[in-house]
Amino acid sequence: MLNLKQYEVWFVTGSQHLYGEETLKQVDSHSQIIAESLNATPSIPLRIVFKPVVKTPDEIYALCQEANVTPNCVGLITWMHTFSPAKMWIRGLTILKKPLLHLHTQFNRDIPWADIDMDFMNLNQSAHGDREFGFMLSRMRINRKVVVGHWQDPNVLTQIGAWTRVALGAYELKNLKVARFGDNMRQVAVTEGDKVAAEMTFSVSVNTYGIGDLVAVINQMSDAGVDQLVSEYADSYTLMDTLLKGGAQHNALRDAARIELGIRAFLEEGGFGAYTDTVEDLHGMAQLPGISSQRLMADG
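When we follow the numbering used here, the leftmost residue of the sequence shown carries the number 78, and every step to the right adds one.
Since the hints were made in silico from the structure, they are not lab data.
Every value quoted in this text rests on a predicted model; they were computed, and no experiment measured them.
Some hints could be false.
Below, computed lysine-lysine pairings styled on DSSO-like, alpha-carbon distance capped at 27 Å [as the list claims (entries may be wrong)]:
#, residue 1, residue 2
1, 254, 164
2, 82, 164
3, 222, 175
4, 272, 128
5, 132, 175
6, 251, 272
7, 174, 272
8, 164, 102
9, 132, 174
The calculated label-pair distances, taken between Cβ atoms and stated as ranges, are [claimed, not checked]:
#, residue 1, residue 2, range
10, 277, 102, 22 to 28 Å
11, 82, 103, 25 to 31 Å
12, 82, 136, 26 to 32 Å
Cβ atoms here follow ideal geometry from the backbone N, Cα and C, with glycine treated the same way.
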């Protein structure tokens, strides 16, 4: 099962030095509060990591460079607490290779009509800054997710959570290794593919392994391991009497369990995230990997 909390989404706030040190300290503090709140939200499965406020083209460029080469960073959430001149972002956005979510929000949910003053208006300029940033993203034709609303609104949190899963999916795809056991089913077109094109276009590495390579691992699985997995089957599913111990098909159930253990071991040892097989290439295997495929997919 994939540990989602090992992956990060960086929370990046834009501003500029024009506002002065005291205002920027408040911007930094507000940004950290939002990032920590998002990180504690159950509907957002990945870690949200606060990054110090970026205020210059060089800081933005350096952050985008860092994001690109940080393996467990799968995307960026950007927010303009104040006005951040968007030309400062061009160099950084040009090199950014990670998915981007633009969060249109304000730190305060409500406008303090009774005591609003110029200091408050100077600090809270998201309505200005986010539109400036959004214009540049559109001008540069940068694909991104846009979420609008207060950062504590349940609908906003749900949208952010869904996007983090999509960002992780994009990351997994680019790093996916696929083990192809045997070749394509003979005469079938729809399951044929171009392994070179798959890696060039999607960064998915697909390589073929002989059934014998897999069978060798399956045969190494211990009887004790098979016993334990068969017991798990009995606890998880309603088994026909013929599959129970002493039944006519009990050994077939044990064969299925041994195959599942073998495939799982093969994939884990090789760092594979997916596999394919074919009904026309089962040499040395007692049966099709039916329940094992279903259970491996259930585990992600």
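Results for each hint:
1. 254 <-> 164: This hinted pair is violated, its Cα atoms lying about 39 Å apart.
2. 82 <-> 164: Judged against 27 Å, a Cα distance of about 34 Å means the pair is violated.
3. 222 <-> 175: Holds - the C-alpha atoms of residue 175 and residue 222 are around 12 Å apart, at most 27 Å.
4. 272 <-> 128: Roughly 38 Å separates the two Cα atoms, so the pair is violated.
5. 132 <-> 175: Roughly 20 Å separates the two Cα atoms, so the pair holds.
6. 251 <-> 272: Holds, at about 14 Å.
7. 174 <-> 272: 23 Å, holds
8. 164 <-> 102: 23 Å, holds
9. 132 <-> 174: Roughly 21 Å between the alpha carbons, so the hint for residue 132 and residue 174 holds.
10. 277 <-> 102: 22 to 28 Å: 47 Å, violated
11. 82 <-> 103: 25 to 31 Å: 30 Å, holds
12. 82 <-> 136: 26 to 32 Å: Since residue 82 and residue 136 have Cβ atoms about 27 Å apart, the given range 26 to 32 Å holds.
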